[in-house]
Structure formats: structure tokens, C-alpha cells
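Asker: Start from the sequences, fold in the hints, and give me the full structure.
Number of protein chains: 2
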Amino acid sequence: MTVAMLAASANAAGRTMPEVLAASKPADWRPLDPANTLYMDIPAGRVVIELAPQFAPRHVENVRTLVHDGYFDGLAITRSQDNFVVQWSDPTGARPLGAAKKTLPGEFTRPAQGLSFTALPDPDTYAPQTGFVDGFPAARDAATGTAWAVHCYGVVGVGRDNAADSGGGTELYVVTGHAPRQLDRNITVLGRVVQGMELLSALPRGPAPMGMYEKPEQYTPIAHIRLAADLPVDQRLKIEVLRTDTATFTDLIESRRNRRDDWYKVPAGRIDVCNVPLPVRIAP
Amino acid sequence: MTVAMLAASANAAGRTMPEVLAASKPADWRPLDPANTLYMDIPAGRVVIELAPQFAPRHVENVRTLVHDGYFDGLAITRSQDNFVVQWSDPTGARPLGAAKKTLPGEFTRPAQGLSFTALPDPDTYAPQTGFVDGFPAARDAATGTAWAVHCYGVVGVGRDNAADSGGGTELYVVTGHAPRQLDRNITVLGRVVQGMELLSALPRGPAPMGMYEKPEQYTPIAHIRLAADLPVDQRLKIEVLRTDTATFTDLIESRRNRRDDWYKVPAGRIDVCNVPLPVRIAP
Numbered sequence: 000m001t002v003a004m005l006a007a008s009a010n011a012a013g014r015t016m017p018e019v020l021a022a023s024k025p026a027d028w029r030p031l032d033p034a035n036t037l038y039m040d041i042p043a044g045r046v047v048i049e050l051a052p053q054f055a056p057r058h059v060e061n062v063r064t065l066v067h068d069g070y071f072d073g074l075a076i077t078r079s080q081d082n083f084v085v086q087w088s089d090p091t092g093a094r095p096l097g098a099a100k101k102t103l104p105g106e107f108t109r110p111a112q113g114l115s116f117t118a119l120p121d122p123d124t125y126a127p128q129t130g131f132v133d134g135f136p137a138a139r140d141a142a143t144g145t146a147w148a149v150h151c152y153g154v155v156g157v158g159r160d161n162a163a164d165s166g167g168g169t170e171l172y173v174v175t176g177h178a179p180r181q182l183d184r185n186i187t188v189l190g191r192v193v194q195g196m197e198l199l200s201a202l203p204r205g206p207a208p209m210g211m212y213e214k215p216e217q218y219t220p221i222a223h224i225r226l227a228a229d230l231p232v233d234q235r236l237k238i239e240v241l242r243t244d245t246a247t248f249t250d251l252i253e254s255r256r257n258r259r260d261d262w263y264k265v266p267a268g269r270i271d272v273c274n275v276p277l278p279v280r281i282a283p
Numbered sequence: 000m001t002v003a004m005l006a007a008s009a010n011a012a013g014r015t016m017p018e019v020l021a022a023s024k025p026a027d028w029r030p031l032d033p034a035n036t037l038y039m040d041i042p043a044g045r046v047v048i049e050l051a052p053q054f055a056p057r058h059v060e061n062v063r064t065l066v067h068d069g070y071f072d073g074l075a076i077t078r079s080q081d082n083f084v085v086q087w088s089d090p091t092g093a094r095p096l097g098a099a100k101k102t103l104p105g106e107f108t109r110p111a112q113g114l115s116f117t118a119l120p121d122p123d124t125y126a127p128q129t130g131f132v133d134g135f136p137a138a139r140d141a142a143t144g145t146a147w148a149v150h151c152y153g154v155v156g157v158g159r160d161n162a163a164d165s166g167g168g169t170e171l172y173v174v175t176g177h178a179p180r181q182l183d184r185n186i187t188v189l190g191r192v193v194q195g196m197e198l199l200s201a202l203p204r205g206p207a208p209m210g211m212y213e214k215p216e217q218y219t220p221i222a223h224i225r226l227a228a229d230l231p232v233d234q235r236l237k238i239e240v241l242r243t244d245t246a247t248f249t250d251l252i253e254s255r256r257n258r259r260d261d262w263y264k265v266p267a268g269r270i271d272v273c274n275v276p277l278p279v280r281i282a283p
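Each protein sequence line maps, in turn, to chains A and B.
Note that numbering that gives the first Met the number 0 has the first sequence beginning at 0, numbered continuously upward.
Note that numbering that gives the first Met the number 0 has the second sequence beginning at 0, numbered continuously upward.
Don't take every hint at face value.
[Said to hold, decoys possible] Straight-line distance between alpha carbons at most 27 Å, and here's what the computed BS3-like set of lysine-lysine pairs gives:
(1) A/LYS237 with A/LYS24
(2) A/LYS101 with A/LYS214
(3) A/LYS264 with B/LYS101
(4) B/LYS100 with A/LYS264
(5) B/LYS214 with B/LYS101
(6) A/LYS101 with B/LYS264
(7) A/LYS100 with B/LYS264
(8) B/LYS24 with B/LYS237
In case anyone wonders, no lab produced these hints; they're calculated from the structure.
Answerer: Here it is in C-alpha cells:
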């Protein structure tokens with residue numbers, strides 16, 4: 000007896016998510032681009048992050064430079080705030096930046112034009128329209144012609160100080176709680192965790208204000224953050240994600256808007272952009 | 000440099016949450032009712048749960064009976080599913096129920112009439128209207144005249160099998176991820192965690208399907224769940240929560256809809272029911 004036990008059978012009115020995925024075609028999936036894939040190794044295992052140059056080209060390029068130069072290797076997760084974020088940085092602030100920049104202008108929004116946007120049919124509290132762009136939860140506003148990546152669970156962003164141009168990628172955070180959508184359009188989003196999220200979300204919360212750890216002994220050390228493209232091909236993970244511009248993904252959205260297994264009595268008929276699963280698999 | 004660093008000063012257009020709370024009056028707060036307060040003791044510390052008889056009177060009464068009889072003492076947290084729930088139960092199923100019932104009819108919704116409902120002004124994806132009832136995130140539908148407690152982070156519900164009347168309170172879950180609002184009106188909500196949430200949310204995720212632990216050694220043991228009213232007065236915690244039917248709470252909502260500290264560049268102008276803080280304090 001569990002919450003949301005999944006029944007094997009579906010009723011005639013629609014399909015369950017497992018049924019939708021079982022019927023997917025190879026072309027519905029895409030491999031992660033090694034140039035946009037980070038491997039972050041911490042004691043508990045590996046966290047895989049997909050970068051989003053569509054939304055933050057300059058920050059992604061800067062983070063690639065930092066990673067290529069080994070900037071994050073030996074740094075630490077210094078913050079875990081319950082129902083909000085984990086964050087990593089250089090606790091000493093002394094590490095040299097090499098060819099990377101310390102700060103960049105914020106990339107908080109971008110023109111909506113030029114993006115392949117799979118729109119959700121349901122209302123959103125925060126944005127005129129939400130949906131997905133290349134696997135990233137996103138929003139857009141026809142009135143301003145802008146689009147932005149939205150803060151869902153697992154999204155990766157760029158820590159900054161009060162000035163909009165005070166971040167650059169040396170400090171990154173990952174959302175570990177209910178979507179903090181008030182951050183949307185206020186900070187640069189540059190990726191999302193596609194594997195290993197549970198290694199970050201289960202870290203002990205920091206006892207100081209804003210979830211900061213108080214002592215270096217409480218930090219989680221980062222052995223390495225590497226770009227898949229910097230590794231030999233045989234050391235890259237064969238991870239694929241479901242394309243969000245496919246009929247299969249549209250079917251998946253519908254299967255989650257109206258759950259068809261035997262457990263649900265009142266299908267929601269709606270879905271929040273941060274409740275849509277983004278399937279990941281190892282390449283068959 | 001952090002995400003959402005809080006500046007000490009606010010601009011002239013509004014107040015920050017700390018400013019709103021600093022101006023609160025004693026009557027804006029209410030002590031937890033000992034008859035509706037559970038203390039759950041696990042190795043990491045104490046989790047405090049406020050029960051919601053407004054929404055689930057029969058389940059709350061049944062859980063009080065279970066707790067009074069020591070039903071949960073020595074049981075275990077048997078499930079932790081990332082971005083969803085932790086859940087506890089009797090792994091053996093052998094524990095006697097005493098005077099309590101194993102199952103009850105679901106209390107998924109109730110009449111909206113008779114509730115003090117503080118409505119939010121913003122649209123919600125899942126419900127015609129959201130807001131707060133006696134400190135609990137809630138929704139209502141004028142078309143059906145019903146109201147229900149909604150699944151936000153920290154909300155406590157009653158595990159059930161496929162049949163709507165297959166739960167009774169022997170298995171309880173707590174939301175530890177992004178609000179799974181598809182559960183609304185499908186399952187009985189009977190409370191929320193008001194203290195110690197970080198002790199549940201940081202538990203290692205279970206490796207089996209749906210976050211189940213695979214071996215008893217992975218369980219988190221529950222030393223006791225006790226009702227505050229069953230304890231001597233001097234052993235009860237002096238916890239107060241901000242009343243949600245006050246002008247102070249309405250001011251707090253506004254301070255969070257439009258963040259006024261120096262960090263935010265684009266106030267959201269909106270808020271999701273699950274992003275509104277529900278302040279808790281030790282009685283002064």
C-alpha cells in the first residue's frame with residue numbers, strides 16, 4: 000500500500016507513461032551532446048548536468064572554460080538549504096580563474112524567436128505560457144517577445160550577488176525543493192541535472208542561515224567537474240533524453256495530465272510545467 | 000554571493016518578510032493545539048506535525064487512537080522517493096491495531112462552507128482558487144462547493160491502495176519534493192510538518208522502485224510518535240504558528256508576491272500557494 004501505486008493496466012481512455020515510453024521510437028530520443036554535458040563527481044557518486052546554451056550562451060561558455068581548466072576540482076558544496084537549493088563554490092575565493100571571467104552580464108531572458116517551444120495547454124501562476132525547449136522547462140511572454148528557462152526541481156543556475164552582472168558561473172546552485180519560480184528572470188539558468196539528483200537532494204541541510212554549512216568538515220567535496228567532450232569517447236556515459244519536440248512527448252504530457260492507472264480517482268486534467276517528467280535512459 | 004541573498008533594507012514600495020514579521024502582534028500567532036500536534040522522534044531528531052481535523056476528522060481521530068496506543072513506536076520509515084515523498088508503515092503488517100480502524104472512507108474533499116479561507120489573488124494550474132485554511136494550504140471550487148487541502152512540500156497524507164477507502168492512517172507520507180498536486184482530491188491529507196522537515200527530506204533515497212528501501216538496515220527507525228496532549232504540559236513544545244486569517248499574513252503574502260529586497264530585479268507579482276511561507280516560532 001503506497002502513495003500513487005502504479006497499476007499495470009490502463010483504462011481505455013488513454014495510456015500510462017510506461018505505455019507511452021514503451022511505444023517510443025529511437026528518433027524520439029537524443030544523446031546528450033558531449034559539449035553540453037558535465038560530470039560532477041562527489042563521494043556519493045556522479046551527478047550529470049546538461050548545459051543550456053540556448054538560454055545562457057556566455058555563461059555556458061565560461062563554465063566550459065572553468066571546467067576545462069579544472070577550476071571546480073577540489074572545491075566543495077558549501078550550502079544546502081531545505082526546500083530550496085544546494086550550491087557550490089570556492090570557499091576561500093583564492094582559486095585562480097585562468098582564462099575564465101569572474102562575472103558576466105546576466106542572461107535572465109532571451110528572445111522567444113528561434114526556439115522550438117512545446118507549449119503546455121494549462122495555466123501557470125507565474126508566466127503567460129510554459130512549456131519545453133530542447134528538454135528544458137521554459138516560459139515565454141508574447142507581449143515582450145521573451146523566453147526564459149524556469150526554476151523547476153533539478154535546474155542549475157548561476158549564483159550572483161545583488162548586482163545583476165555579479166555572477167559568472169564560479170558559483171552554481173541546483174534547485175532541491177518546490178520550484179522557486181520567483182527566481183525566474185532574476186538569475187541565469189544554465190542547465191539541469193539529468194542523473195544523480197538524489198545525491199544532491201539528500202545532502203544534510205546546512206545549519207547556518209540560508210543553509211550554509213558552518214565548518215569545512217560539513218562540506219561535500221567535489222572531486223572533479225568535467226566536460227564530457229574533454230574525456231575520451233569510451234569514458235563518456237551513453238545517456239539519452241526524450242526529445243520534447245516529439246509526438247511521444249506530447250503523449251507523455253497528456254498521460255500525466257490525466258493519469259490512467261487504477262490508483263487515480265480524479266485525474267487532474269492539468270499539469271504544472273515542473274511536474275512533467277523528463278525521461279532519461281541509457282542508450283540501448 | 001548566494002542565490003537570493005536577503006538585503007537588510009527594503010525599498011519604499013513595500014516591506015520584506017522579516018519586516019512584516021517583526022511588526023506582528025501577539026494575537027497574529029496561535030499556539031499549536033496539543034490535541035492536534037504529533038511529535039515523531041527519529042534518530043536525527045524530532046519532527047513536529049500539526050493535524051488538520053478540518054479536512055480529515057475521521058482520519059485524524061483514528062491517528063490519535065493509533066498514537067495513543069503506541070502503534071507507531073518502533074516502526075520505521077520504509078520509503079524515500081526523490082522529489083516525491085517519505086513514508087512510514089509497519090513493515091511486517093503484524094502490529095495489532097487496538098481500538099483503531101485499519102481503513103476508513105477517503106476524506107479527499109469537504110464542503111467549502113464553514114471554513115475560514117484566505118484566498119490568494121493569483122491563478123493556479125490545478126484549482127479554481129487556492130489559499131489557506133487555519134494554516135493549511137488549500138483550494139476550493141465554487142462550482143462544486145468543495146474544498147480540499149493541497150499537496151505542498153511538508154504536507155502529510157494517508158497512504159492507500161487502489162481502493163478509495165483502503166487507507167486509514169497506519170501508513171503516512173510526507174511530501175519532500177515539488178508539490179505533487181495531481182494527488183489533490185485523490186487521497187486524504189491530514190496534516191503538515193511544522194518543524195523538523197529537514198530531517199525527513201535529507202534521508203537517503205530508497206534504491207528500489209518508488210523509493211522503497213530494500214533491506215531493514217536501510218530503514219529509519221521511529222522511536223515514538225506521540226500526541227502532545229498525551230504528554231505532561233512541561234514536556235510539550237511551545238510552538239506557535241502565524242495565523243493565516245490575519246492582516247499580517249496578508250501582508251506577508253504581498254511581501255512574497257513582490258519581493259522588495261535589493262536582490263530581486265523583476266518581482267514575480269504572483270505567488271503559488273506552495274511558495275507562501277508559513278512562519279513558525281517558539282513562543283516568546
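Asker: Now tell me, hint by hint, if it's right for this structure.
Answerer: Here's how the hints hold up against the structure:
A distance of roughly 17 Å separates the Cα atoms of A/LYS237 and A/LYS24; the hinted pair therefore holds under the 27 Å criterion. Taking the CA atoms of A/LYS101 and A/LYS214, the gap is about 25 Å. The hint holds against a cut of 27 Å. Straight-line distance between C-alpha atoms of A/LYS264 and B/LYS101 comes to about 21 Å, which keeps the hinted pair within the 27 Å bound. Between B/LYS100 and A/LYS264, the direct Cα distance comes to roughly 23 Å. Compliance with the 27 Å bound is thereby established for this hinted pair.
For the given pair, B/LYS214 sits about 25 Å from B/LYS101 by alpha-carbon distance, which is consistent with the 27 Å threshold. Taken as a hint, the A/LYS101 and B/LYS264 pair is honoured in the structure, with Cα atoms around 21 Å apart against an allowance of 27 Å. Distance check on the hinted pair: A/LYS100 and B/LYS264 sit about 23 Å apart at the alpha-carbon level, within 27 Å; holds. Between B/LYS24 and B/LYS237, the direct Cα distance comes to roughly 17 Å. Compliance with the 27 Å bound is thereby established for this hinted pair.
When held up to the earlier numbered hints, the structure conflicts with none and fits them all.
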